[in-house]
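Taking the hints into account, I'd like the entire structure generated from these sequences.
With this note's numbering applied, the sequence shown closes on residue 116, and no number is skipped along the way.
Some hints could be false.
Stated by the list, open to error - Pair ranges (Cβ atoms, derived): (1) 99 to 19: 25 to 31 Å; (2) 71 to 43: 18 to 24 Å; (3) 17 to 67: 16 to 22 Å; (4) 20 to 83: 21 to 27 Å; (5) 81 to 106: 34 to 40 Å; (6) 75 to 39: 38 to 44 Å; (7) 44 to 98: 33 to 39 Å; (8) 62 to 36: 33 to 39 Å; (9) 18 to 108: 18 to 24 Å.
In short, the hints are calculated from the structure, not lab data.
Note that the coordinates shown come from a computational prediction; the quantities given were computed from them, not determined experimentally.
Glycine residues also receive a C-beta, built at the ideal position from the N, C-alpha and C atoms.
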Amino acid sequence: MTTSAALALLAMFAGYYGWQRGRYERAAATREAHARALADTLALALIIAGIWLGGWIAPQWGWVASAGSAGASIGALIAVLLAGPSRRAMLRAFRIDPGTQR
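Here it is, written out as structure tokens:
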């Protein structure tokens, strides 16, 4: 990953965090809005990392024949399965009730 791509990704995460925090601040306390926005940003980061790593690792481990969308799909599936529990764990770390699973 190039430096400019990493900076663009960091800027995207910062913008997503700000947008989510603004949404949550209308309905929750500042601390809870921060925790929920941070947890949502972590979930998004996991999904993006899963797509990137899946497209790179899956062909090397022999899960798919060549690099491309099949490996990225495998990575996205694994990341989506991990995103929900990691979001709930982050909210518990802030001592905020994660609520029901949606």
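Hints versus structure:
1. For residue 99 and residue 19, the hinted distance range of 25 to 31 Å is satisfied, since their beta carbons lie about 28 Å from each other.
2. Roughly 40 Å separates the CB atoms of residue 71 and residue 43, a value that falls outside the hinted 18 to 24 Å.
3. At roughly 19 Å, the beta carbons of residue 17 and residue 67 sit within the given window of 16 to 22 Å.
4. Distance hint for residue 20 and residue 83: a CB-CB separation of about 23 Å, consistent with the stated range 21 to 27 Å.
5. Take residue 81 and residue 106: their Cβ atoms lie about 37 Å apart, and the range 34 to 40 Å holds.
6. Checking the proposed 38 to 44 Å range against residue 75 and residue 39 shows it holds: the Cβ atoms sit about 43 Å from each other.
7. Checked against the hint of 33 to 39 Å, the pair residue 44 and residue 98 fails, with Cβ atoms roughly 24 Å apart.
8. For the hinted restraint 33 to 39 Å between residue 62 and residue 36, the CB-CB distance of approximately 21 Å leaves it violated.
9. For residue 18 paired with residue 108, a C-beta distance near 33 Å fails the hint of 18 to 24 Å.
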